[in-house]
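Undergrad: Listed in order, the protein sequences are those of chains A and B. The first sequence begins at 1 in the working numbering and counts up one residue at a time. The second sequence begins at 1 in the working numbering and counts up one residue at a time.
Hint data in this document are derived by calculation from the structure and do not stem from the laboratory. Where hints are given, some of them may not hold.
[Said to hold, decoys possible] In silico SDA-like pairs for lysine to any residue, Cα to Cα no more than 25 Å straight-line:
(1) A:403 <-> B:13
(2) A:324 <-> B:83
(3) A:333 <-> B:13
(4) B:75 <-> A:467
One letter stands for each residue in the lines below.
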Amino acid sequence: MTLEWVHPGLLLILGGCLLPLLKGRVKRAAMLILPAAALIDCLLMKPGTHGVTSFLGQDLVFGRVDRLSLVFSYVFSLMALVGMIFALHVKDDSQHVAALTYMGSALGVTFAGDFLSLYVFWELMAISSALLVLLRREPSAVAAGFRYLLVHIFGGLLLLAGIVLHWSHTRSLGFGDMGASSGGVAWAMILAAFLLNAAVPPLGAWLPDAYPEATVTGAVFMTAFTTKSAVYVLIRGYAGTEFLVWLGAAMAVYGVVYAVLENDARRLLAYHIISQVGYMVCGVGIGTALATNGATAHAFAHILYKALLFMGAGAVLQTTGLRKLSEMGGLYKTMPVTLCLYMIGAFAISAVPLFSGFVTKSMVVSAAGEAHRPLIFLMLTLASAGTFLHTGLKLPYYMFFGKDSGRRAQEPPRNMLVAMGLAAAACVLIGVFPGLLYQYLPNRVEFVPYTLRHVTSTMGMLGFTALGFFLLLKHLDPQPTISLDTDWFYRRGSAGLVTLVRGPLARLEFDYVGQIYEFVIRRPVLGVANLLRKLDSLVVDAAIVGMGRSTQSLGHALRTVVSGNAQHYGLMMAAGILALLALAVFVQ
Amino acid sequence: MNFLARHLEDPVRFARIKRWSYTGLAAVALAEIVLPRIFPGGEFHFPFEDFPAWGSLYGLVSCVAIIVVSKLIGKLWLTRREDYYDS
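The following block holds chain A by itself, in its conformation from the complex:
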């Protein structure tokens, strides 16, 4: 690492470690200065390759700086700043350290030019984000945090196995376009690991399981980094992979379907992360310049508006202690500022003209159109209507309006409102001046979002979605239920497996396998062993005892010869010589 280049992720991680040593205003100032410094660092960064280190004969590249990594680093560090403002009132140092490490690792992934450093930051991101769930310190959060950690460790192992295989084939750890090894096992394993982090079904159930259980501020951080860093690596390595087009479009609709059934406010928003990341995955799959621009731009806008939405729902959770829509209602009377700021985020995610989603989401939808894919185009547009239906209508209706719950909660602390205000301002700014974002996109932008046809068609779609919502309102009342997702397999399915093992399998083992073992293995083996033991005692032992005894008898016999008398010895020597002479004569 050179002095000319400082890794912004390192700033956040090391700075975060020092944070618990500070106190009071200095600490709060540091909480703002660290992400601000990272943001400035990213803004000042020049394209090129920096921070190259040799490790075990391999070049590790910590600073691959190009247009793609830069635009992601801008939004990551901007989000770090907004998120830390939102979390400024939190007294728990461990949450701040975890959040800063998490954000620093996401920046590490963004700038990683090789698989090894990517893997290290990938795992660091998983562990630090799991802490943001665990640190809510409630039994349900601890359980969800461990599930989250286990799923991500599985994903990390997939990535590591893929990297090792990739290295064994190519002898290179460089991370770039994976098209050359398309279809191979290493290609598939690395892709699966990336898709797991992007929360692509059926690998994505960890997201709606964990995010609603995280701390109020932790969930805001989590919405931004894990899935979007996965989108970044997908753009980098897997642009133009055909099946991602279908996976992404299906994902966009999947999130919307689950959101209809959802009663937990933050879980509903979590399903909409899946839906929105679907647009990005679809854009990666289409792979054209417009599509990858769309995926990048939508990731940028999504980080800001989704954080804003989670901040709104988090503010309600913090001030009322409520998380279920069926228990909320009537909060507009005492939380109008939160409502207004939330609605800006809702308009942004719903792609209302003049808000950020309109100028970013439509890039992906338009790319599907340009690629002549009518079904994908229709699926994405349908999901867009669904997004407005839930995030723009259902959630605010039941949270802030609807049946008055009688709660008179106050607005959240000022720092939370300031953070929401900043995110809201960014949503409007991008929507009104799309050029501000377009100039940073990886490819040249020729897309014009504000055409008469696009604006009127979008307004018509949103307006009549609202009409449909109010017509079917009584069918949408949130029910106190949960919905099964693929996490069933490791939450309930694994319990079933344990029951199977303890019950029928254990009986089978005891009653049949055990009995068969007894008659086929144990008894014959014991019989043979017994036989061998007898053989040992009767033959081997007897032989050895016999040898000992005969040696002893011989010793006794010889003892009589050893008299100590020189005359006897001389006599025996003479007898011996005579015997030898007789033998010699006899032989001749």
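Once you have looked at the hints, place chain B on chain A.
TA: Structure of chain B alone, referenced to chain A:
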């Protein structure tokens, strides 16, 4: 009492908001039909996008389809009691 409360809790004002909303919807649908024909241009990729009030129609159909299909899937398959994983 804030601005929103004043308008939502007064039946007369609320009825007026409702009327304006329906008028707005009609205006949007009309604009979608008429404006592209008066001012042609603005790209579209598929013939169905040129259908009169395509956005409005597709919005309404999508909304109803999402609600009906999701509720159906939920009822037949996916929804469980809240303590499902605890029991």
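Undergrad: Indicate, hint by hint, whether the structure satisfies it.
TA: Hint check results:
Distance hint between residue 403 of chain A and residue 13 of chain B is fulfilled; the C-alpha atoms sit about 19 Å from each other, no more than 25 Å. A threshold of 25 Å between alpha carbons decides the hint, and for residue 324 of chain A with residue 83 of chain B the separation of about 14 Å falls inside it, so the pair holds. For the proposed pair residue 333 of chain A and residue 13 of chain B, the alpha carbon gap of about 17 Å is at most 25 Å, so the pair holds. Straight-line distance between C-alpha atoms of residue 75 of chain B and residue 467 of chain A comes to about 24 Å, which keeps the hinted pair within the 25 Å bound.
Comparing the model with each numbered hint stated earlier shows that all of them hold.
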